[in-house]
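These protein sequences, in sequence, are chains A and B.
Here the first sequence stands for residues 0 to 316, where the numbers follow numbering that gives the first Met the number 0.
Here the second sequence stands for residues 0 to 316, where the numbers follow numbering that gives the first Met the number 0.
Read the hints as simulated data drawn from the structure, not as lab findings.
Any given hint might turn out to be false.
Note: identical chains are not told apart, hence a pair may lie in one copy or across any two.
As a list, the in silico SDA-like pairs of lysine to any residue whose alpha-carbon atoms are at most 20 Å apart [unchecked claim]:
(1) LYS35 x LEU213
(2) LYS48 x ALA314
(3) LYS275 x GLU201
(4) LYS34 x ARG216
(5) LYS35 x GLY25
(6) LYS275 x GLU264
(7) LYS48 x SER28
(8) LYS72 x THR287
(9) LYS212 x ASP306
(10) LYS72 x ALA163
(11) LYS48 x ALA172
(12) LYS275 x ASN215
(13) LYS304 x THR282
(14) LYS48 x PHE243
(15) LYS34 x GLN268
(16) LYS235 x ARG142
(17) LYS48 x TRP315
(18) LYS48 x ARG216
Protein chains: 2
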Amino acid sequence: MIDIPALPAHDPDDLVESAVVSRLAGNWSNRATVKKPEPDLDDLFDHSKHDYPEALIPFAEHDVYVGLPETTKDRIRAWGWIAFNKNVMDVEQHVVNPGFSLLAQDAFDTGMGDVLAVAVTQAMVDEQYHTLMHLNASALTRRQRGWAMPERALPFSATVRRRAAAQLGAGNATEAALSALAYMTVAEISITSYLDLIEDNESIQPVNRATVKLHNRDEYCHASIADEMAVIVFEKLKSTERRFFLDGLAAGMDAFSATDFSTWEAILQSEGVAEKDRMLDDTRNDRTRRQLVQDYTGIRSLCRKLDVEDEIGIAWT
Amino acid sequence: MIDIPALPAHDPDDLVESAVVSRLAGNWSNRATVKKPEPDLDDLFDHSKHDYPEALIPFAEHDVYVGLPETTKDRIRAWGWIAFNKNVMDVEQHVVNPGFSLLAQDAFDTGMGDVLAVAVTQAMVDEQYHTLMHLNASALTRRQRGWAMPERALPFSATVRRRAAAQLGAGNATEAALSALAYMTVAEISITSYLDLIEDNESIQPVNRATVKLHNRDEYCHASIADEMAVIVFEKLKSTERRFFLDGLAAGMDAFSATDFSTWEAILQSEGVAEKDRMLDDTRNDRTRRQLVQDYTGIRSLCRKLDVEDEIGIAWT
């Protein structure tokens, strides 16, 4: 294991240290999922279980869906899982790793040196491995079910599209970097609750729950790093930059809570569900439908630490 | 271990298979360096050894360098190693992984499905881990020598800059993708010879040689994947696209063989070497100086397989 002192000996002026980041950097090789043996996925596959919970299908109670043949419902659930995996992979590649990459280059001048670079570069290895895990999980579903269902039939999720739009709309490099940091922070601090939606559901394919559980274990550590780094960076920001970062957090939370109908539309289109437009319109307009639960307790607690809980324009519930 | 059949059962029309890619996808968890325990780098560090070979310092025989105090030469050698690591990391992040990412999305319509996606996504985990390994190696040098020497004092290497320029200059998305594939192919098929320059040198820091040796082991497998994929993609290209890909290979080889004086200039500037401009001018103009050896045997053998050995405009030597 690599010993990474909290305070590098070579730079006595470098006074910024973080016990959380140093500890996580130091124990990565013992805790990271990528360092563990690979599970035998095919052995875990149970053909009798659902690939995806109905609770996460926004139109599960609509008469069009309820009236579909069981095979079509099976296929839509398999698509739901493949879309879930694609969303996780897209977020890792296009939201999380670009944000960590900025921290690795110390784009925000934290002055933490190699401890920070090592901790976030480790996290980037984890994220690339999670991409592989979720790809393996989708490949397994395709193989065991005997259905093609390629990712490329699905669009990028709303989160990735909105993060990209925010990058393009940023007025300068600093704003772009702060927006990237904010989206990454929301992703890393709230992804565990998204993953819990699968992990805690006994009716679901055990291999899917195992994939999510392994992933989740790494993310608890990443949440600590993201939380700590948000505090350290925020300290150093000027007041206009702070405002920009907080707006980015609010935009990120809004993007992550949105139900992504473009993905469901592509799935229903691909399955040739005749009345898909009526069902999707009804679902969009259904005011009684509860939001897809995204738990922002972690972000709220971060905002409390930053003393901005009431300044961010979010009605915490 | 995950069993990945060469021919996915779910798509009987999917006839493209590759025994090489399937085998490497299937044994990744047993062979990948990221799956092994981390070496204790601090234990391997030998203060009496050089951090970087003089043979890789293009002005090592120039009277300005020869006349420098030994401490300055030690510092320049440490910088040389840190710059070598930075170059490896930049190439992984900005040349190799973007190329693999195109293959993972099957941007070239190989029809290989999950086998290809899994194999290259595994390779991307490896590359992200190599970035961590080389960062750890530089962090160790900084820590053990007690010198700051931050990467951010150094520019991107010529390879990364020229690859980026080729992307910006591409006429359309297909050309951009083919250029990205070509640069990745050159990087993955010739990087082992670049790494050998350190691995085989007994006068060099053992920890540096160990880092490179571990990295190299993964790269032999990546070279096989890159070589196989170049052949499969080339088969599917139209003749204008083939020409574009071959020009990209030639440009990539040229970029990778160039000695990067901008990096050396930044290093000598940082060390306050008074006569650096005269030394660099002399070195640039020295016709007897041999090129930094980059071994293109692998690319030549690929070109022979593609039956284009004489069409690529390279004087193989």
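Taking the hints in turn, this is what the structure says about them:
In the homo-oligomer, the alpha carbons of LYS35 and LEU213 lie at most 20 Å apart both inside one protomer (10 Å) and across protomers (18 Å), since each shortest distance falls under that limit. For the identical chains of this complex, LYS48 and ALA314 are neighbours neither inside a copy (38 Å) nor across copies (61 Å), given an alpha-carbon limit of 20 Å. For the homomeric pair LYS275 and GLU201, neither the shortest alpha-carbon distance inside one copy (29 Å) nor that between copies (68 Å) is at most 20 Å. Proximity of LYS34 to ARG216 under the C-alpha cut-off of 20 Å is found in both arrangements, the shortest distances being 13 Å within a copy and 17 Å between copies.
In this assembly of identical chains, the alpha carbons of LYS35 and GLY25 lie at most 20 Å apart whether taken from the same copy (17 Å) or from different copies (16 Å). For the homomeric pair LYS275 and GLU264, the shortest alpha-carbon distance inside one copy (8 Å) is at most 20 Å, but the shortest distance between copies (63 Å) is not. For a Cα distance limit of 20 Å, the shortest separation of LYS48 from SER28 qualifies neither inside one copy, at 34 Å, nor across copies, at 28 Å. For a Cα distance limit of 20 Å, the shortest separation of LYS72 from THR287 qualifies neither inside one copy, at 23 Å, nor across copies, at 72 Å.
For the homomeric pair LYS212 and ASP306, neither the shortest alpha-carbon distance inside one copy (32 Å) nor that between copies (49 Å) is at most 20 Å. Proximity of LYS72 and ALA163 under a CA criterion of 20 Å is satisfied in neither setting, with 33 Å inside one chain copy and 46 Å between copies. Neither within a single protomer nor between protomers do LYS48 and ALA172 lie at most 20 Å apart by alpha-carbon distance, with minima of 48 Å and 42 Å respectively. Proximity of LYS275 to ASN215 under the C-alpha cut-off of 20 Å is found in neither arrangement, the shortest distances being 33 Å within a copy and 52 Å between copies.
For the identical chains of this complex, LYS304 and THR282 are neighbours neither inside a copy (37 Å) nor across copies (56 Å), given an alpha-carbon limit of 20 Å. Neither within a single protomer nor between protomers do LYS48 and PHE243 lie at most 20 Å apart by alpha-carbon distance, with minima of 45 Å and 49 Å respectively. In this homomeric assembly, LYS34 and GLN268 never come within 20 Å of each other (Cα to Cα): the closest approach is 40 Å inside a single copy and 41 Å across copies. Taking the closest pair of Cα atoms, LYS235 and ARG142 never come within 20 Å of each other, the shortest separation being 50 Å inside a single copy and 26 Å across copies.
For the homomeric pair LYS48 and TRP315, neither the shortest alpha-carbon distance inside one copy (36 Å) nor that between copies (59 Å) is at most 20 Å. In this assembly of identical chains, LYS48 and ARG216 lie within 20 Å of each other by CA distance neither inside one copy nor across copies; the values are 24 Å within and 41 Å between.
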